[in-house]
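Protein chains in written order, with this note's numbering: chain V, 1 to 218; chain H, 219 to 436.
Treat the hints as calculated values from the structure; they're not laboratory data. Only a predicted model underlies this, so the values are computations on that prediction, with no experimental measurement involved. Each residue gets a CB set at the ideal place from its N, CA and C atoms; glycine is no exception. Any given hint could turn out to be false.
[Unchecked claim] The calculated lysine-lysine pairs, modelled on BS3-like cross-linking and capped at a C-alpha distance of 25 Å, are:
id	chain 1	residue 1	chain 2	residue 2
1	V	Lys98	V	Lys51
2	V	Lys192	H	Lys423
3	H	Lys269	H	Lys316
4	V	Lys51	V	Lys205
5	H	Lys423	H	Lys269
6	H	Lys423	V	Lys205
7	H	Lys410	V	Lys205
[To be verified] Selected chain H positions facing chain V (Cβ under 8 Å, derived; list incomplete):
id	residue
8	Arg394
9	Leu395
10	Thr404
11	Asp407
12	Ser414
Number of protein chains: 2
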Amino acid sequence: MPRLVVHSYTISLDGYGAGPNQTRETPLGEGGEGLHEWLVGTRFFMQMTGKPGGTTGTDNDFAEQGMANVGAYIMGRNMFGPVRGPWPDDSWRGWWGKNPPYHTPTFVLTHHARAPQEMDGGTTFHFVTDGIEAALDRARAAAGDKDIRLLGGASTIRQYLEARLVDEMHIAVSPRLLGAGEPLFTGLDLPKLGYSTTTTIGGEKATYYVIARGAKRA
Amino acid sequence: MPRLVVHSYTISLDGYGAGPNQTRETPLGEGGEGLHEWLVGTRFFMQMTGKPGGTTGTDNDFAEQGMANVGAYIMGRNMFGPVRGPWPDDSWRGWWGKNPPYHTPTFVLTHHARAPQEMDGGTTFHFVTDGIEAALDRARAAAGDKDIRLLGGASTIRQYLEARLVDEMHIAVSPRLLGAGEPLFTGLDLPKLGYSTTTTIGGEKATYYVIARGAKRA
Chain V
1 MPRLVVHSYT ISLDGYGAGP NQTRETPLGE GGEGLHEWLV GTRFFMQMTG KPGGTTGTDN
61 DFAEQGMANV GAYIMGRNMF GPVRGPWPDD SWRGWWGKNP PYHTPTFVLT HHARAPQEMD
121 GGTTFHFVTD GIEAALDRAR AAAGDKDIRL LGGASTIRQY LEARLVDEMH IAVSPRLLGA
181 GEPLFTGLDL PKLGYSTTTT IGGEKATYYV IARGAKRA
Chain H
219 MPRLVVHSYT ISLDGYGAGP NQTRETPLGE GGEGLHEWLV GTRFFMQMTG KPGGTTGTDN
279 DFAEQGMANV GAYIMGRNMF GPVRGPWPDD SWRGWWGKNP PYHTPTFVLT HHARAPQEMD
339 GGTTFHFVTD GIEAALDRAR AAAGDKDIRL LGGASTIRQY LEARLVDEMH IAVSPRLLGA
399 GEPLFTGLDL PKLGYSTTTT IGGEKATYYV IARGAKRA
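Can you make the complete structure from the sequences, with help from the hints?
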């Protein structure tokens with residue numbers, strides 16, 4: 001069965017996955033863009049955005065790993081866009097332009113139904129209104145023998161962790177302080193849910209941790 | 219003027235400086251002991267506890283640095299001991315035996331007055347009931363031209379950070395997850411208070427960060 005994995009999810013040193021006050025101009029909230037400093041200079045990111053060059057090394061290895069062997073993606077509605085409430089129309093098609101970097105079925109959790117949105121390059125956004133388990137079932141059916149990557153945001157990852165549905169989580173800790181925003185860990189008792197840290201890797205501009213689920217506790 | 223510094227303060231990957239439910243048997247709360255795995259094997263810690271051997275390297279360097287050039291210490295009452303409320307008597311003299319590792323005047327914040335407690339080896343515990351600024355004034359007078367080290371716990375450090383009185387903070391992030399306990403950062407807007415991360419150092423068993431105060435914001 002395909003594993004549900006979180007890859008390259010970045011938090012600030014003070015624990016936030018995004019800053020406060022997301023808008024169309026600040027998709028990651030105030031100060032949130034700086035969290036991905038480890039990513040934007042890598043060869044992986046340059047290639048993905050059609051540019052030459054970029055760094056190799058631990059940061060780049062970690063970035064590359066995040067999109068390898070992924071058969072389907074899941075994201076929360078606020079990661080898909082800044083629109084809240086019922087969709088006024090189909091004009092918002094994500095932050096990523098005509099050809100998003102996913103190239104597979106991508107399931108967007110929302111309370112508001114919407115027809116699937118086919119994009120260039122193999123990405124189709126499917127809008128799932130019947131909850132996180134339903135989205136996972138549909139992603140499993142789509143992923144074949146590859147992994148399903150859970151993209152974010154923090155609230156979506158937290159819901160899947162609370163339901164013990166995440167198999168493995170790779171996080172990047174940026175040295176930046178945000179001071180406010182969307183916390184990943186606050187109020188979430190990961191040891192009680194069966195999770196522990198298995199690996200620490202120091203990169204050039206962030207530190208990486210692998211958190212995995214062991215035996216379920218009663 | 220002596221600087222107020224936090225050194226070697228350790229938090230879990232999920233942000234807790236100690237586990238929940240401190241008792242006489244678990245000074246760092248449930249699961250809290252494991253946070254200091256980076257420290258206990260170092261040559262510095264072995265020497266401090268009168269044992270031979272121990273590791274050298276980044277973890278040891280960081281540990282050694284924490285007690286260098288310190289002229290006075292400040293700690294919160296819960297770090298001094300598990301006793302709550304008025305002191306029933308003078309029998310509790312800290313966790314550290316007859317000869318605590320401080321060897322200088324050490325100021326304990328409490329709401330309950332108590333006579334100074336002179337220990338072997340130069341440590342004297344002074345109990346300060348008139349607040350964090352009063353404790354800092356007294357520590358400044360005692361420290362000469364050395365630094366004042368603010369030991370913890372999390373609540374005490376947070377109070378001094380909120381008052382912008384901490385000059386520099388060295389924290390160690392353990393890869394462990396605690397799930398619950400005393401958070402260091404939650405609800406504390408460090409960028410707004412003028413703090414930012416200046417240095418990241420990957421050690422053998424923890425990752426170290428230096429957080430310093432820049433220009434005060436209005």
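Evaluated hints:
no.	hint	in the structure
1	V:Lys98 with V:Lys51	holds (17 Å)
2	V:Lys192 with H:Lys423	holds (23 Å)
3	H:Lys269 with H:Lys316	holds (17 Å)
4	V:Lys51 with V:Lys205	holds (20 Å)
5	H:Lys423 with H:Lys269	holds (20 Å)
6	H:Lys423 with V:Lys205	holds (18 Å)
7	H:Lys410 with V:Lys205	holds (23 Å)
8	Arg394	holds (6 Å)
9	Leu395	holds (5 Å)
10	Thr404	holds (6 Å)
11	Asp407	holds (4 Å)
12	Ser414	holds (6 Å)
Violated hints: none; the structure is consistent with every hint.
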